[in-house]
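Those sequence lines, one after another, are chains A and B.
So the first sequence is numbered by our numbering: it starts at 1 and just counts up by one.
So the second sequence is numbered by our numbering: it starts at 1001 and just counts up by one.
None of these hints come from the bench; they were simulated from the model.
Please read all numbers here as calculations on a predicted model, not as lab measurements.
By construction, the Cβ of each residue, glycine as well, lies at the ideal position given by its N, Cα and C atoms.
Check before you lean on any hint, since a few could be wrong.
[Said to hold, decoys possible] Stretches of chain A that chain B covers, calculated by requiring three or more beta carbons in the stretch to come under 8 Å of a beta carbon on chain B:
#: 1; region: 165 to 176
#: 2; region: 261 to 274
#: 3; region: 296 to 303
Number of protein chains: 2
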Amino acid sequence: MSPLENDTLLRALAREPTDYTPLWLMRQAGRYLPEYNALRARAGSFLALAKTPALACEVTLQPLERFPLDAAILFSDILTVPDAMGLGLYFADGEGPRFERPLRDEAAIRRLAAPDPAAELDYVLEAVRQIRRALAGRVPLIGFSGSPYTLACYMVEGSGSSDFPALKKMLFARPDLLHHILEINAQAVAAYLNAQIEAGAQAVMIFDTWGGNLSAAGYEEYSLAYARRVLAALTRRHDGRKVPAILFTKGGGQWLESMAASGFDAIGLDWTADAAQARHRVGARVALQGNLDPAALYAPPERVRAEARRVLDAFGPTPGHVFNLGHGITPQASPDAVAALVDEVRTYSRAMRESRPAASRARPASA
Amino acid sequence: MSPLENDTLLRALAREPTDYTPLWLMRQAGRYLPEYNALRARAGSFLALAKTPALACEVTLQPLERFPLDAAILFSDILTVPDAMGLGLYFADGEGPRFERPLRDEAAIRRLAAPDPAAELDYVLEAVRQIRRALAGRVPLIGFSGSPYTLACYMVEGSGSSDFPALKKMLFARPDLLHHILEINAQAVAAYLNAQIEAGAQAVMIFDTWGGNLSAAGYEEYSLAYARRVLAALTRRHDGRKVPAILFTKGGGQWLESMAASGFDAIGLDWTADAAQARHRVGARVALQGNLDPAALYAPPERVRAEARRVLDAFGPTPGHVFNLGHGITPQASPDAVAALVDEVRTYSRAMRESRPAASRARPASA
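Work out the full structure: start from the sequences and follow the hints.
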């Protein structure tokens, strides 16, 4: 493998000083890019892109051709694991993901088994290998999965939902069944992420898209406890480097202290979290990733730049900030706005560091 | 008007000691009740119920016939104000509220004017008058409106949304237009709530259903600032009594300190907020209302009772807790589960007070 030319992301995730604040964007390969839409039209569907390693590789690299981003993220779906479990992932036109066979009876739940990634998710692992070769060391590659709880939400409900009545009914009426699903999911996600690391992912992220629909006690019991189990089973070093793990719970800002104490290297914040307060609440214990409102990319470039500065100022100079949106970039975002954002984050965060008195820069002697 | 027989709610909202924890449920008059569905079928639609004072009155009282609730809440919609502004509220089958004429151009926004409640919302005021007569002092009546920001979300987007792209585009590209809408909305909501108070509402609540889609800074600027303007213009005493005002922001748990400092008598918490932490964060400055997950009503009765006790224990013995769900009751909830909930809250909260040593009971000498 080629040596890594730009390790700014990995250093920020390790809370080491960096010359500027690294930036990548959730869903940076996506529908706001005309070249993505063109390739998707040729492939026929999102899933065809995601399940064809050469296409997933091409799509993953598209945003890096336009913008000086500090990471690539595997182009895939958060629901590949339950798809490999046989639930039948599909996308209805213009809607979110659905499962053909949601988990609605106890027998089906008892039959659930963690898939063998090498056998049943090799299309993902092959994409990881191809992306690593294509990146040739430019920036690190982030692998990912949905969290055990978020997978369970879709597996039980069969689709996204504003309130997940089937899932919640199971949670309150048959918590034993939900715990069984979550246990299998935790094993499956750990094996899947370890296979991605083995194939070349240099950092991993767990997307807990729906953890925010739980009560505070429920979040501990049904989401965070199983994210911790995944973490405990993860390969933490590979190829001579630490493999940082990031946990993102949309709507999880109220539970930041528990997330920060969970052992993950970094916590992703959605755009509703007050970044300055978040930094104050967790101190230097973890890196923080976020948290610009994705809708800020609807603003004219000067406003985008002002919003970027506001976020950087709020996180402040403590090492360990990775700039990101607070949720995935939307199809309506303009590539020009993204260009302005990326430029401003790089320029302003570099200037922030240069304007600090040299004596206060926490830079290691070797730098 | 008849004297109030049960003022437990009003005393809890004033943070005075009560013999038990008062309880009402958001959407307590709704589709989980067979008698509601029967009346709605006869009326033809939700809006026909809401716009016919005699039917709105009948529906408002239905849950009180079944359960010993401590308040009635006006049966109406949060979007009556923009409907009276001419936007054309309607409900597509099986979907949420929509507007025929959403605010999409500057000219329409500049034409917007606060409606005169006596002229254009008299069906609501007449319902309030009829409900007060029908209640005959059994329990207090709560009036309500959507918050200026939540109204704006629907007015600009034209419907509910997972991410409100049209609203957010205006917020980031033309904040001046959004501020203009919010200013008109604040005037309109204040006049509307004052008219409800004049007609007989004994407490008022502002539902900020979508404030949680903002950043922390955005919540201050676009939601809370305008809720405060409403509050500043509210009639605070009527008919010899204080009229308490409650603010509920779904997803607002992170901003509890700002909400508690806003001057409202009580803050509604959704089910994601940790009640014990919330009480710790705001102390005795405000009453708190909430916050059982509405999905807990899918559980068998014994589990419902256990969840009710958990919520009561979390809020603790500080005076100023009003038991409620963390969001509206869902159509799938069972009336039997509601009965178990109401009974447990009454019984357990009474026992909580009785088990405390007499010396520590903060009871006024007159009680």
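Given that the region 261 to 274 of chain A was listed as covered by chain B, double-check it with a C-beta distance under 8 Å for 3 or more residues. holds (count 4)
Checking C-beta pairs, does the region 165 to 176 of chain A have three or more residues closer than 8 Å to chain B? holds (count 6)
According to a criterion of three or more residues whose C-beta lies within less than 8 Å of a C-beta of chain B, is the region 296 to 303 of chain A covered? holds (count 5)
Against the hints set out earlier in the document, no violation occurs for any number.
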